[in-house]
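Engineer: Each chain, written out:
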Amino acid sequence: NAGVTQTPKFQVLKTGQSMTLQCAQDMNHEYMSWYRQDPGMGLRLIHYSVGAGITDQGEVPNGYNVSRSTTEDFPLRLLSAAPSQTSVYFCASSYGTGAFFGQGTRLTVV
Amino acid sequence: SQELEQSPQSLIVQEGKNLTINCTSSKTLYGLYWYKQKYGEGLIFLMMLQKGGEEKSHEKITAKLDEKKQQSSLHITASQPSHAGIYLCGAISNAGGTSYGKLTFGQGTILTVHP
Numbered sequence: 018n019a020g021v022t023q024t025p026k027f028q029v030l031k032t033g034q035s036m037t038l039q040c041a042q043d044m045n046h047e048y049m050s051w052y053r054q055d056p057g058m059g060l061r062l063i064h065y066s067v068g069a070g071i072t073d074q075g076e077v078p079n080g081y082n083v084s085r086s087t088t089e090d091f092p093l094r095l096l097s098a099a100p101s102q103t104s105v106y107f108c109a110s111s112y113g114t115g116a117f118f119g120q121g122t123r124l125t126v127v
Numbered sequence: 330s331q332e333l334e335q336s337p338q339s340l341i342v343q344e345g346k347n348l349t350i351n352c353t354s355s356k357t358l359y360g361l362y363w364y365k366q367k368y369g370e371g372l373i374f375l376m377m378l379q380k381g382g383e384e385k386s387h388e389k390i391t392a393k394l395d396e397k398k399q400q401s402s403l404h405i406t407a408s409q410p411s412h413a414g415i416y417l418c419g420a421i422s423n424a425g426g427t428s429y430g431k432l433t434f435g436q437g438t439i440l441t442v443h444p
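Protein chains in written order, with my numbering: chain F, 18 to 127; chain X, 330 to 444.
Do not take every clue at face value.
Listed below are the simulated SDA-like cross-link pairs for lysine to any residue, each with C-alpha atoms no more than 20 Å apart in a straight line [stated by the list, open to error]:
1) K365(X) to V126(F)
2) K26(F) to L124(F)
3) K393(X) to R61(F)
4) K26(F) to K356(X)
5) K393(X) to S355(X)
6) K365(X) to R61(F)
7) K380(X) to T114(F)
8) K365(X) to G20(F)
9) K346(X) to Q436(X)
10) K397(X) to P410(X)
11) K26(F) to V126(F)
12) K365(X) to P56(F)
13) K398(X) to E384(X)
14) K367(X) to V77(F)
15) K367(X) to G75(F)
16) K367(X) to Q54(F)
17) K393(X) to G115(F)
18) K356(X) to G75(F)
19) K385(X) to L124(F)
20) K367(X) to E384(X)
21) K356(X) to Q400(X)
22) K385(X) to P56(F)
23) K389(X) to E334(X)
24) K367(X) to G20(F)
25) K380(X) to G369(X)
26) K385(X) to F117(F)
27) K393(X) to G369(X)
28) K26(F) to K367(X)
29) K26(F) to G369(X)
30) K389(X) to H443(X)
31) K393(X) to E334(X)
32) K365(X) to A19(F)
33) K398(X) to T349(X)
34) K26(F) to V105(F)
35) K367(X) to P410(X)
36) K365(X) to K397(X)
No lab work stands behind these hints, which were simulated from the structure alone.
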């Protein structure tokens, strides 16, 4: 099983550019989430979804959009990249007794 | 908001030694997840604890949940170099299904195991 697949693994953006981080899961989990991991800040929740068509904001949602049209996919959109969005982004897929993470996307905004 | 504090922040042990990592919550724990992360890689799910007094094991790693103390401990028996990495705890802050997608994490414990 692939589990949670994130693409791309690495990305460099210029300030002001937009892009979409892709996340797909093949475990038929209802819950999916996006986190960012920064040195000294730990993992922080950006957005999450409890099912297709339902999303909500987490702790640090500004500058990011999400949508969930299918159970499998949960893309994260950066609307206008800023250097403060330089981070490692993780997508997670979860159910009642487990939460599984992708390998991460390392994003640098210059 | 819920906060998780992990201790110690870093740990260096000799191969073969036992060790314990603690995760203490500022609020009631409804579910506690343990992960291992290698530098530059994703989080590997180890186990989840939901009930007070619950104890689970994964190979030589055992985790317990103390509901009254709002704390979980992760114990590694006879540590090996392969156990080295960052151990993270994550928690659900509310009961109920919608919380499973919303985890709060501790800062992590960096474990080094010398051969």
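Engineer: The structure should be examined with respect to each hint, and the outcome stated for every one.
Structural biologist: Do the hints match the structure? See the list:
With a CA separation close to 27 Å, the supplied pair K365(X) and V126(F) exceeds the 20 Å bound. In summary, the hint linking K26(F) to L124(F) is supported, as the alpha carbons are separated by about 8 Å, within the 20 Å threshold. Taking the CA atoms of K393(X) and R61(F), the gap is near 24 Å; set against the 20 Å cutoff, the hint is violated. For the hint linking K26(F) to K356(X), the alpha-carbon distance of about 35 Å lies beyond 20 Å, and the restraint is violated.
With a C-alpha separation of about 17 Å, the suggested pair K393(X) and S355(X) falls inside the 20 Å cut-off, and the hint holds. For the hint pairing K365(X) with R61(F), the CA-to-CA distance comes to about 17 Å; that is within 20 Å, so the pair holds. Between K380(X) and T114(F) the alpha-carbon distance is near 12 Å, which keeps this suggested pair within the 20 Å criterion. A C-alpha spacing of about 17 Å is found between K365(X) and G20(F), which places the hinted pair at or below 20 Å, so the restraint holds.
For the suggested pair K346(X) and Q436(X), the alpha carbons sit about 24 Å apart, so the restraint of at most 20 Å is broken. Taking the CA atoms of K397(X) and P410(X), the gap is about 33 Å. The hint is violated against a cut of 20 Å. At roughly 14 Å between alpha-carbon atoms, K26(F) and V126(F) fall within 20 Å of each other, so this suggested pair holds. Taking the CA atoms of K365(X) and P56(F), the gap is near 16 Å; set against the 20 Å cutoff, the hint holds.
Proposed proximity of K398(X) and E384(X) is supported: the alpha carbons are some 15 Å apart, at most 20 Å. Of the pairs offered as hints, the one joining K367(X) and V77(F) is violated, with about 24 Å between alpha carbons and a cut-off of 20 Å exceeded. Straight-line distance between C-alpha atoms of K367(X) and G75(F) comes to about 25 Å, which puts the hinted pair past the 20 Å bound. Proximity of K367(X) to Q54(F) is assessed by CA-CA distance (about 13 Å); at most 20 Å being required, the pair is judged to hold.
Between K393(X) and G115(F), the direct Cα distance comes to roughly 16 Å. Compliance with the 20 Å bound is thereby established for this hinted pair. Distance check on the hinted pair: K356(X) and G75(F) sit about 18 Å apart at the alpha-carbon level, within 20 Å; holds. Restraint check: the Cα-Cα separation between K385(X) and L124(F) comes to about 35 Å, which exceeds 20 Å; the hinted pair is violated. With a CA separation close to 24 Å, the supplied pair K367(X) and E384(X) exceeds the 20 Å bound.
Of the pairs offered as hints, the one joining K356(X) and Q400(X) holds, with about 10 Å between alpha carbons and a cut-off of 20 Å not exceeded. About 30 Å separates the Cα atoms of K385(X) and P56(F), which puts this hinted pair outside 20 Å; it is violated. For the proposed pair K389(X) and E334(X), the alpha carbon gap of about 23 Å is over 20 Å, so the pair is violated. For the given pair, K367(X) sits about 18 Å from G20(F) by alpha-carbon distance, which is consistent with the 20 Å threshold.
Only pairs whose Cα atoms come within 20 Å are accepted, and K380(X) paired with G369(X) is rejected, the gap being roughly 32 Å. Only pairs whose Cα atoms come within 20 Å are accepted, and K385(X) paired with F117(F) is accepted, the gap being roughly 18 Å. Between K393(X) and G369(X) the CA atoms are separated by roughly 28 Å; this puts the pair beyond 20 Å, and the hint is violated. Distance restraint check for K26(F) and K367(X): the Cα-Cα separation of roughly 16 Å lies within the 20 Å cut-off, and the hinted pair is therefore satisfied.
Distance check on the hinted pair: K26(F) and G369(X) sit about 11 Å apart at the alpha-carbon level, within 20 Å; holds. Among the hinted pairs, K389(X) with H443(X) is consistent with the structure: their alpha-carbon atoms are about 17 Å apart, no more than 20 Å. This hinted pair checks out: K393(X) and E334(X) have alpha carbons roughly 16 Å apart, not beyond 20 Å. Taking the CA atoms of K365(X) and A19(F), the gap is about 19 Å. The hint holds against a cut of 20 Å.
In summary, the hint linking K398(X) to T349(X) is supported, as the alpha carbons are separated by about 16 Å, within the 20 Å threshold. With a C-alpha separation of about 9 Å, the suggested pairing of K26(F) with V105(F) holds against the 20 Å cut-off. Restraint check for K367(X) and P410(X): the C-alpha separation of about 12 Å stays at or below 20 Å, so the hint holds. Only pairs whose Cα atoms come within 20 Å are accepted, and K365(X) paired with K397(X) is rejected, the gap being roughly 25 Å.
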